[in-house]
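Enquirer: Spelled out, the chains give:
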Amino acid sequence: MPAAVATLLADVEIRAPGTGPTTCEGRNEGVCPGFIIENIDDYVSPLVEHVALVFGSVLAGFAVAMLLAILSHGRRWLIPPFIGATGVIYTIPSIALFLLLLPITGRGTLTALIALALYNLQIVYRNANAGLANVPAAARDAGAGVGMTLRQLLWRVELPLALPEIIAGLRIATVSTVAIATLAIFAGAGGLGEVLYNEGIQRDVFKTNIVFGSVLAVALAIAFDGLLVVVQRFAAPWQRARAL
Amino acid sequence: MIGAPVITGFLGSFGGAIDFIFSRRNSVQGPELQVGGLEQIWELASTQIAISAVALLLAIVIAMPLGLWLGHRGTGEFLAVAVGNAGRAIPELALIALMVAFIGTGNLNVTIAVTILGIPPILTNAFVGVRQADRGAVDAARGMGMSELEIIRRVELPLAIPTIMGGVRTASVNIIATATIGSLAGVKTLGDLILSPNVYGEEGVIAGAIVVALLALMFELVLAGVQRLLTPRGLVLERAAARATA
Amino acid sequence: MTGPQDAETGAPGTAASVVFRNVTKRYAGADVDAVSDLSLEVPSGEICVLVGPSGCGKTTAMRMVNRTVEITAGEIEVGGTPVTAHPPAQLRREIGYVIQQIGLFPHRTIAENIGTVPALLGWERERTRARIAELLELISLPPEVADRYPAQLSGGQQQRVGVARALAADPQVMLMDEPFGAIDPINRERLQNEFLRLQAEIQKTILFVTHDIDEAIKMGDRIAVLREGGRLAQFATPAELLMAPADGFVEDFVGADRALKRLALMRVADVDLWAAPLAFVGQDTAEVRAKLDGAEVPWALLVDSERKPLGWLSERDLAAATVPARPDISPDPVLDRDDVLRDALSDVLQSQAHYAPVVDARGVTAGVLSLEVIADFLSSDEARVEEHAAAERPLG
Numbered sequence: 001m002p003a004a005v006a007t008l009l010a011d012v013e014i015r016a017p018g019t020g021p022t023t024c025e026g027r028n029e030g031v032c033p034g035f036i037i038e039n040i041d042d043y044v045s046p047l048v049e050h051v052a053l054v055f056g057s058v059l060a061g062f063a064v065a066m067l068l069a070i071l072s073h074g075r076r077w078l079i080p081p082f083i084g085a086t087g088v089i090y091t092i093p094s095i096a097l098f099l100l101l102l103p104i105t106g107r108g109t110l111t112a113l114i115a116l117a118l119y120n121l122q123i124v125y126r127n128a129n130a131g132l133a134n135v136p137a138a139a140r141d142a143g144a145g146v147g148m149t150l151r152q153l154l155w156r157v158e159l160p161l162a163l164p165e166i167i168a169g170l171r172i173a174t175v176s177t178v179a180i181a182t183l184a185i186f187a188g189a190g191g192l193g194e195v196l197y198n199e200g201i202q203r204d205v206f207k208t209n210i211v212f213g214s215v216l217a218v219a220l221a222i223a224f225d226g227l228l229v230v231v232q233r234f235a236a237p238w239q240r241a242r243a244l
Numbered sequence: 001m002i003g004a005p006v007i008t009g010f011l012g013s014f015g016g017a018i019d020f021i022f023s024r025r026n027s028v029q030g031p032e033l034q035v036g037g038l039e040q041i042w043e044l045a046s047t048q049i050a051i052s053a054v055a056l057l058l059a060i061v062i063a064m065p066l067g068l069w070l071g072h073r074g075t076g077e078f079l080a081v082a083v084g085n086a087g088r089a090i091p092e093l094a095l096i097a098l099m100v101a102f103i104g105t106g107n108l109n110v111t112i113a114v115t116i117l118g119i120p121p122i123l124t125n126a127f128v129g130v131r132q133a134d135r136g137a138v139d140a141a142r143g144m145g146m147s148e149l150e151i152i153r154r155v156e157l158p159l160a161i162p163t164i165m166g167g168v169r170t171a172s173v174n175i176i177a178t179a180t181i182g183s184l185a186g187v188k189t190l191g192d193l194i195l196s197p198n199v200y201g202e203e204g205v206i207a208g209a210i211v212v213a214l215l216a217l218m219f220e221l222v223l224a225g226v227q228r229l230l231t232p233r234g235l236v237l238e239r240a241a242a243r244a245t246a
Numbered sequence: 001m002t003g004p005q006d007a008e009t010g011a012p013g014t015a016a017s018v019v020f021r022n023v024t025k026r027y028a029g030a031d032v033d034a035v036s037d038l039s040l041e042v043p044s045g046e047i048c049v050l051v052g053p054s055g056c057g058k059t060t061a062m063r064m065v066n067r068t069v070e071i072t073a074g075e076i077e078v079g080g081t082p083v084t085a086h087p088p089a090q091l092r093r094e095i096g097y098v099i100q101q102i103g104l105f106p107h108r109t110i111a112e113n114i115g116t117v118p119a120l121l122g123w124e125r126e127r128t129r130a131r132i133a134e135l136l137e138l139i140s141l142p143p144e145v146a147d148r149y150p151a152q153l154s155g156g157q158q159q160r161v162g163v164a165r166a167l168a169a170d171p172q173v174m175l176m177d178e179p180f181g182a183i184d185p186i187n188r189e190r191l192q193n194e195f196l197r198l199q200a201e202i203q204k205t206i207l208f209v210t211h212d213i214d215e216a217i218k219m220g221d222r223i224a225v226l227r228e229g230g231r232l233a234q235f236a237t238p239a240e241l242l243m244a245p246a247d248g249f250v251e252d253f254v255g256a257d258r259a260l261k262r263l264a265l266m267r268v269a270d271v272d273l274w275a276a277p278l279a280f281v282g283q284d285t286a287e288v289r290a291k292l293d294g295a296e297v298p299w300a301l302l303v304d305s306e307r308k309p310l311g312w313l314s315e316r317d318l319a320a321a322t323v324p325a326r327p328d329i330s331p332d333p334v335l336d337r338d339d340v341l342r343d344a345l346s347d348v349l350q351s352q353a354h355y356a357p358v359v360d361a362r363g364v365t366a367g368v369l370s371l372e373v374i375a376d377f378l379s380s381d382e383a384r385v386e387e388h389a390a391a392e393r394p395l396g
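Protein chains in written order, with the working numbering: chain A, 1 to 244; chain B, 1 to 246; chain C, 1 to 396.
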């Protein structure tokens with residue numbers, strides 16, 4: 001056989017008739033742990049982006065929600081419009097919200113952050129309100145009786161006592177955000193959606209990535225939740241952290 | 001600094017989207033495929049409405065009796081809470097993707113997947129709603145000779161309507177969102193517009209988003225109306241009285 | 001279908017007796033009994049008050065009668081039939097049940113609330129409606145209330161509806177767990193009086209739980225004092241309890257002021273009231289002044305055409321030619337003939353009025369009470385006789 005033909009043939013995979021692809025990921029019949037381990041680096045970036053998205057949006061949403069709560073604390077008439085406005089946003093399916101923002105803020109991380117933060121708003125605001133409202137009247141009386149101003153009362157008495165309920169709301173919001181952030185890729189941002197969609201469904205429904213992406217998303221949600229449980233315990237040592 | 005170009009661009013995109021809703025035009029790929037127009041929008045929307053409505057009803061049928069019963073007995077709090085948390089933690093995208101990967105595509109499969117994410121809020125809220133029903137009224141009812149089933153039906157359920165309906169409304173949001181993504185599984189819902197910019201163009205994408213948002217708001221309005229109808233008048237009065245004295 | 005009433009009296013609506021025989025209740029995993037070997041007998045038509053410190057098992061004991069708590073050992077019989085003879089739901093529909101939180105169904109109208117048990121028993125609409133009207137009158141609420149919701153009623157009104165609801169199906173036995181506990185003290189006294197008047201008419205067998213010994217003495221025909229662990233310390237009439245406490249525990253629980261508490265055994269109606277000269281609006285004041293001469297009570301009481309008290313006439317009032325329509329001095333406190341003497345005394349002391357007019361159930365003046373009247377009466381032989389008689393007599 002001529003040498004040229006031989007080198008050519010060396011690159012060609014000779015298969016017996018009746019068999020298909022021989023690699024795990026080629027067959028795509030289930031999860032391929034080998035593939036995951038080999039390409040572990042490729043998962044880091046989407047994961048980190050995802051964490052950043054969640055962290056940033058929850059922080060922003062929390063800040064705005066607390067601002068609204070403090071504003072409406074003394075002015076009860078503000079509550080219905082605030083709840084109404086944040087509620088409308090919450091009703092709109094996340095993917096629709098991502099895309100509705102596109103013409104305004106363009107494709108990219110900023111759009112995703114804004115949309116995710118808007119989703120957080122309703123949950124945290126509602127819990128912050130409820131938390132402040134549930135402060136025992138006796139504690140408020142005592143504080144006022146000792147001579148605290150309204151502002152001191154808020155920061156030293158009411159907010160600390162409302163903290164458990166606020167953090168409970170934060171937990172719910174964070175877990176939801178981890179899930180919704182998987183859709184951030186449709187807005188042009190990164191995140192685990194890349195693993196699930198771009199490298200999953202778009203890649204001929206690659207099962208390994210779909211499963212692993214799902215596992216990562218749920219694991220991340222559990223991790224964030226656990227972290228906040230710890231925060232809750234430290235924030236309110238007078239209360240045993242209740243599972244909610 | 002946001003300037004005139006951004007604003008006109010923003011208006012332009014929305015204008016384009018509105019245009020997409022009403023008039024047919026060539027797809028991005030060429031004149032062989034016509035897209036847009038009310039007829040197509042309605043076709044996609046009606047599929048989504050059908051799937052969402054069926055899924056919501058299924059979720060209610062599955063989750064509500066279970067939640068009511070557990071709440072009445074006072075057991076299963078861990079289960080109810082865990083299911084609620086799990087429901088929040090599972091991304092719609094993951095659920096649809098897993099379904100496509102391991103079970104298959106098609107209307108039935110998508111409807112089932114959509115139903116799954118509607119169950120947790122209804123279960124949790126039914127549980128919580130019944131637990132929070134006026135304990136004095138329940139005690140009086142039991143002591144007066146109502147059977148357990150009668151207590152649920154005549155006392156706990158009516159008093160829990162606001163909380164339960166809150167759960168149904170949350171489920172509705174989840175369901176519509178998941179149904180949108182369901183287009184990835186080959187079912188032609190409005191998600192098709194959103195997820196295929198190379199067919200429908202950017203205007204199509206935004207048009208899809210607008211219609212989905214409107215659809216969700218419409219469901220919400222209907223459910224809010226149902227809640228108002230179902231809430232017993234005495235309960236409304238009780239809450240008003242409580243607010244007045246609080 | 002036989003019910004608890006058939007065995008003894010045969011006719012529904014007449015009261016049945018309640019008998020506890022060595023009843024014990026121990027909750028699963030508990031070290032001590034909640035109720036321990038309780039035996040007592042409540043004759044039909046009587047109010048038996050279960051009283052004791054908190055945690056003594058009085059509520060548990062009461063709840064075993066309608067099986068909202070199940071018996072661990074022993075037997076309870078209602079009208080001769082063991083309570084375990086029938087399914088709990090059926091048993092409970094024939095026993096009236098009033099609890100401290102009242103527990104009206106907020107989502108139903110007053111009429112629907114009252115009609116709950118009749119509906120469960122399948123009464124025809126007409127019969128239920130008639131019964132609701134009857135009961136509203138019995139508890140002194142206007143018929144318009146029937147279509148309102150509990151949130152629109154005051155606490156005292158809700159409490160009365162709770163009692164009406166328990167009476168709706170005309171049960172022979174009523175269980176009442178601190179029914180007046182959630183009411184403010186002023187209205188509580190009124191509700192207690194009204195309830196006693198009601199009981200005089202309907203004569204149900206009632207098991208009444210309270211932690212307040214004064215309420216027990218006022219309301220009970222017989223009192224069961226329970227100590228911790230649900231053990232019976234004494235089962236006796238109020239008079240016996242006050243005059244002969246069984247042991248140190250009962251003596252402590254009844255309180256150091258037993259002598260004053262005896263005043264609760266008698267009613268204003270038992271006392272020989274003094275008569276005040278009555279004056280009518282527009283009457284010639286000379287006539288009134290003539291009556292005042294030598295009268296037992298040196299003040300004239302202004303009354304209306306139905307003889308209901310409007311107030312006392314002062315010197316200035318009598319200086320005019322005719323009796324004015326608005327007297328200078330208010331008639332308060334106006335006492336009820338059915339008031340217990342202890343409450344009447346405290347009302348008189350609190351108000352600093354020298355004399356207090358006493359009215360009957362219709363509001364018509366029956367006489368006048370004062371500190372001297374009470375003191376006079378208590379020191380007389382009649383009072384001692386009266387005290388014992390009061391212990392024996394049925395309500396009324």
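Treat the hints loosely; a few may be bogus.
Said to hold, decoys possible - Simulated DEER-style distance windows between Cβ atoms: (1) A:188 to B:15: 20 to 28 Å; (2) B:226 to C:72: 42 to 50 Å; (3) B:75 to C:119: 27 to 35 Å; (4) B:15 to A:234: 45 to 53 Å; (5) C:130 to B:135: 26 to 34 Å; (6) B:57 to C:119: 26 to 34 Å; (7) A:139 to C:84: 29 to 37 Å; (8) B:24 to A:55: 38 to 46 Å; (9) C:70 to B:188: 58 to 66 Å; (10) B:74 to C:332: 33 to 41 Å.
To be verified - According to the in silico footprint, chain B covers these stretches of chain A (three or more CB under 8 Å from chain B): (11) 114-127; (12) 197-205.
Honestly, the hints are just simulated from the structure, not real lab data. Glycine is no exception: its CB is placed at the ideal position from the N, C-alpha and C atoms.
Enquirer: Would you mind marking each hint as holding or not holding in the structure?
Expert: Each hint tested on the structure:
1. Separated by about 22 Å at the C-beta atoms, residue 188 (chain A) and residue 15 (chain B) satisfy the suggested range of 20 to 28 Å.
2. In this structure the hint that residue 226 (chain B) and residue 72 (chain C) lie 42 to 50 Å apart at CB holds, the actual value being about 47 Å.
3. About 30 Å separates the C-beta atoms of residue 75 (chain B) and residue 119 (chain C), a value consistent with the hinted range of 27 to 35 Å.
4. The hinted range of 45 to 53 Å is satisfied by residue 15 (chain B) and residue 234 (chain A), whose Cβ atoms lie roughly 52 Å apart.
5. At roughly 32 Å, the beta-carbon separation of residue 130 (chain C) and residue 135 (chain B) lies within the given 26 to 34 Å, and the hint holds.
6. For the pair residue 57 (chain B) and residue 119 (chain C), the supplied restraint of 26 to 34 Å holds, since their beta-carbon distance comes to about 31 Å.
7. Judged by the Cβ atoms, the range 29 to 37 Å given for residue 139 (chain A) and residue 84 (chain C) is violated: they are separated by roughly 49 Å.
8. Between residue 24 (chain B) and residue 55 (chain A) the CB atoms are about 44 Å apart, so this pair conforms to the stated range of 38 to 46 Å.
9. Checking the proposed 58 to 66 Å range against residue 70 (chain C) and residue 188 (chain B) shows it holds: the Cβ atoms sit about 60 Å from each other.
10. One distance hint, 33 to 41 Å for the beta-carbon pair residue 74 (chain B) and residue 332 (chain C), is violated here, with the actual separation near 51 Å.
11. With 0 residues bearing a CB less than 8 Å from a CB of chain B, the region 114-127 of chain A misses the requirement of three and the coverage assertion fails.
12. Coverage of the region 197-205 of chain A by chain B holds in this model, with 4 residues showing a Cβ closer than 8 Å to a Cβ of that chain against a need of three.
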